[in-house]
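Residue numbers (numbering that gives the first Met the number 0), protein chains in the order written: chain A, 0 to 413; chain B, 0 to 166; chain C, 0 to 154.
No wet-lab data here; the hints were simulated from the structure.
A few of these clues could be false.
Stated by the list, open to error - Label pairs and their calculated CB-CB ranges:
hint, chain 1, residue 1, chain 2, residue 2, range
1, B, Pro-87, A, Ala-120, 54 to 64 Å
2, A, Lys-193, B, Glu-14, 29 to 39 Å
3, A, Arg-2, C, Arg-36, 54 to 64 Å
Unchecked claim - Facing chain C, a subset of chain A residues (Cβ under 8 Å, in silico):
hint, residue
4, Gly-101
5, Asp-104
6, Ala-120
7, Thr-124
Stated by the list, open to error - With a straight-line cut-off of 30 Å between C-alpha atoms, the simulated DSSO-like cross-links for lysine-lysine are:
hint, chain 1, residue 1, chain 2, residue 2
8, A, Lys-13, A, Lys-243
9, B, Lys-40, A, Lys-145
10, B, Lys-4, A, Lys-145
Even glycine gets a Cβ: it sits at the ideal position worked out from N, Cα and C.
Letter by letter, the chains look like this.
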Amino acid sequence: MRRNVAIIGCGQTKHTSKRRDVNIAEMVSEAVYNALEDAQVSPREVDAFVVGNMQGFGGIAQPEQWLGDSIGAPGKSVIRIATGGTTGGSVGQGSYYTVASGLHDVVVAVAWEKHSDSREAGATTGLLHVGLGNFFHAASYGLSLKNLVATSAVGAAAGVAVYQAVFYMHRSGCSIEHFDMVAAKARRNAAKNKYAHLQWPGCTPEDIAGTEIIAYPFRYGHICPASDGASAIVVAEESLARKKARQPAWFKGLAAFSDEENQLQSENFGGVGVLDPSEQKGCWMSATKAYKMAGIKDPQREIDMAEVYQPFPSQELIFAERLGLFDEGTAWMALEKGETDIDGRMPLDPSGGVNATNAIGSTALQRILECALQIMGKAEEHQVPRKVSNAVAHGWGGVTSYITVTVLGDSPGR
Amino acid sequence: MGYIKEERPTTIAVEGTWNIGSYHYKGSRLLEEYVKGLKQKKLIGSFCPGCGKVIVPPRNLCGRCHRIMDRRKIVSNRGTITCFIVTPPMEKGKLKVLGMDPVETGLIKEGEVVIPVFVKFDGSDSNTDTILLNADPKAVHIGMRVKVLWAKEPQGALSDFEGVEPV
Amino acid sequence: MKSKSEIVEVQALPFAAGFNWSTGFQMQRFIEELANRKILGAKCPQCGYTYVPPRSRCGKCYAKIGEENLITLSGKGTLVGYTTAYVKLDGQGNFQDLEEPGIIGAIKLENADSTIFMPLEGIKPRDVTEGLRVEVQWREETKGELADIRCFKPA
């Protein structure tokens, strides 16, 4: 029989482009102990850890072995989950399963990324040895290096996201100006979030439009940063949650569906099975199941805010529609009307989202964490000015491979 | 720029390298089939007996209905652009890709505009990832008709398929 | 009947992912002091467990360990375990015989509680026993790098 589970504490490190004052273990430790302090739980009370970062990034094959002592794991059970960009989402959901199943009572979920340890700037090194393995075999079949550089690598500034954006623009009628608006909103909101990376108080779409185009339709100002940082949540079963937290953030519904493998350089090199890269079938399948589990019948009316995984501004619009928060092809119109601002009808990413802070492994867990903060009323300056009873957190990984959708609420609903 | 900046102290670093190039990756039978087709200027795709989907280059399994795709279909050399990216004119020192500067290594000329595209060839139900050549960047649009630009003397290699060009 | 695919001659693309892992302040002190032929350990202020190399957080009692808790160790210790290697890898996936067998020892330094793994020289494999007293051997010229600790020898 499934138990009710809630988040009772959250902890993050400040996300910046270089945390060269600490090693990976120390950085992750900061987030864990911040979360334990917020939850008023001592390390002794923790039963298990669920940890994760983007597989291969950071250059450490098994970081969970290094981290153990620094996060209080000796003598406890530890699982590591890695699902590409949505690692954090799977880690968060993993902590739910371990408690809901009755296996453990108190679990800490922590996810992180430290890009600054790489020799090349940003996420390049990580992408190198994760992505390159996908097409080395093609070199044996006379792969033209120019073609490779042109198709995969030029697009690697943003990857499939660029194709997604072009398709969405064609299908829905939105324009590059809407991406400017989303990017500006993310940076404005991030300025109110003391842990976010790209903080630009009062950023306007004109500020973003002033940056150069990196590859149509994306500008430099649209692109997410590569951040160093970690985030952690403390998750507990019902009776302990009610004792420890004034307003716990309850897990009401979750789902994780993957879709047809869409990585451009897989075994068949250069074929993409899904015709519409912005289709993201896995997302609406996950959303449908998560809402059903949470008892939500009309997300447009019942969801109070959402944290969408949007490293690129086009994805905020695409995924918000896939999560059922707007009718097909209309998210950009709602954006124009201000409905997605912090004080709007359907606030999207009041924390600034992934567009403003991207420590890859940690980002999807941050979406769950931020929804929890909003429900608990602890989001401080970026708290949305209305009661948050239901929130949805979304994570996206691989190209269409992994999606996690988590619905959180102010009551368990069961 | 209006970004709030933050500086942190730096501690020394320990260096290391993960030599990906030293792994021996085996090729796949599917690619072997595909490049044999390229030598004859043919595009071979695999066909799903369940949903009827055709994927170019061929795959083993249909991703949506999970059936084995052991049948083959040859698709047309002509197709439609479904997606595209247009880069600004490439400059040396602007972009580092896979650890290389594309202009410095001579792979891409200074000032060249690169147009990666997704093409749905007639008869195929998948997008093939390639580049558009000999085209005016301003004229590129979704729905544009293109055809394969073959290498002068196909060798039976992926480079035989140089790209696509407007019809 | 499906035919076997030939194993195609593999062209390796010359990509190597490079990393510069930040050490954090505790490890930075450890590495810097190697130039002065000193080995530092970190003693937990709460439970006294001493880690070498040093750490920022105690795995036993969860307390923070700071730079003020660093202590200098004598460089002498006791062998608590060991193994002998007879081959090495050549970087291409093949084994190569070592000219001389290499002994690796698990060493518990005086006043430390954790063990370190270091090569052991100046002794034949058949003479090695648990409990052997050993001592650090420094590089000729110490530069403030991990390689400054060359190996250990029987004391």
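Evaluation of the provided hints:
{"no.": "1", "hint": "B:Pro-87 - A:Ala-120: 54 to 64 Å", "in the structure": "violated, 19 Å"}
{"no.": "2", "hint": "A:Lys-193 - B:Glu-14: 29 to 39 Å", "in the structure": "holds, 33 Å"}
{"no.": "3", "hint": "A:Arg-2 - C:Arg-36: 54 to 64 Å", "in the structure": "holds, 57 Å"}
{"no.": "4", "hint": "Gly-101", "in the structure": "violated, 26 Å"}
{"no.": "5", "hint": "Asp-104", "in the structure": "violated, 19 Å"}
{"no.": "6", "hint": "Ala-120", "in the structure": "violated, 12 Å"}
{"no.": "7", "hint": "Thr-124", "in the structure": "holds, 5 Å"}
{"no.": "8", "hint": "A:Lys-13 - A:Lys-243", "in the structure": "holds, 25 Å"}
{"no.": "9", "hint": "B:Lys-40 - A:Lys-145", "in the structure": "holds, 20 Å"}
{"no.": "10", "hint": "B:Lys-4 - A:Lys-145", "in the structure": "violated, 37 Å"}
Of the hints listed earlier, those the structure fails to meet are numbers 1, 4, 5, 6, 10, in rising order.
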